[in-house]
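When you line the sequence shown up against the working numbering, it's residues 321 to 588, in that order.
Check the hints yourself; a few may be wrong.
Below 27 Å or equal to it, Euclidean Cα-Cα: the simulated BS3-like pairs (lysine-lysine) are [unchecked claim]:
(1) K480 with K430
(2) K552 with K430
(3) K550 with K511
(4) K480 with K470
Bear in mind the hints are in silico, worked out from the structure with no lab data behind them.
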Amino acid sequence: MKLRSQSPRRDEATLRLGFCRSAVFLAFVVSVNASSTATWEMNTYQDFVHGRFQGISLTREGRLALAPRMESIFTSDQPVVWSVAPAPDGTVYVATGHRGKLFRIDKSGKSTVVWTAEQPEIFAVAVDAMGAVYAATSPDGKIFRIEDGKASEYFAPQAKYIWSLAVASDGTLYAGTGDQGKVFRVDSAGKGEVLYATGQSHVTGLAIDRNGQVLAGTEPNGILYRISAKDKAFVLYDASLPEIRAISTAPDGTIYAVAMGGSLAKRT
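Could you put the whole structure together from the sequences, leaning on the hints where they help?
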């Protein structure tokens, strides 16, 4: 058996090599971490729009502001929510698909199923001033009136789809249909007639302006109509997108319309 001892000269050389390696590593770390100061400026809409917003809203002018508080009040077990309508007493009615259920949400946030349609879709719902609820089913287009928990067929426009409903202050009900793009006017007795044939495939949005005239959004040309009387209408807006999906009016007469869609398929 042989015992070997490392000479002091060799220990010193090893220590120096380790120190040199440490120095090189330290210099490498310092060189990596060292960098010059970088500055950039963000003040336009395009600068901010790609970010993720939490509690912040962004204006088209590039201004950041606190966003309105939003909280979930209702979650259904349905695949899709098609339409929402408020009632005079503060409750909200929600039309869903593809199982044809109509929900009622009270002011405390409690929800109940008030009606289940035989058709798979309830595309539109509206509530009149007396609290009566109107629900439009598809693809076999019919309008039902729900009152005191009971539903009865109110009007059948002989159309495949009923996309939108609106109730005027006098109780008249308006229905936007497809695939022939007609607006129906239905009186309090449930008797209806064609108010205006748009020439479009679908009437996808309806609203009543402050003068009691009907506003109708259509597809596939994305045209917003103001209907002043039977068979009389004026084009308020011709959108660059194919569908006017939703319409809302302000007390000062301002009209807001939501346009959507991808590929254009204009109809002559």
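Hints, verified against the model:
1. K480 with K430: At roughly 33 Å apart (the allowed maximum being 27 Å), K430 and K480 break the hint.
2. K552 with K430: Measuring from Cα to Cα gives roughly 44 Å; hence the hint is violated.
3. K550 with K511: 15 Å, holds
4. K480 with K470: Given pair K480, K470 holds - Cα atoms ~24 Å apart, limit 27 Å.
Hint violations for this structure: numbers 1 and 2, all remaining hints satisfied.
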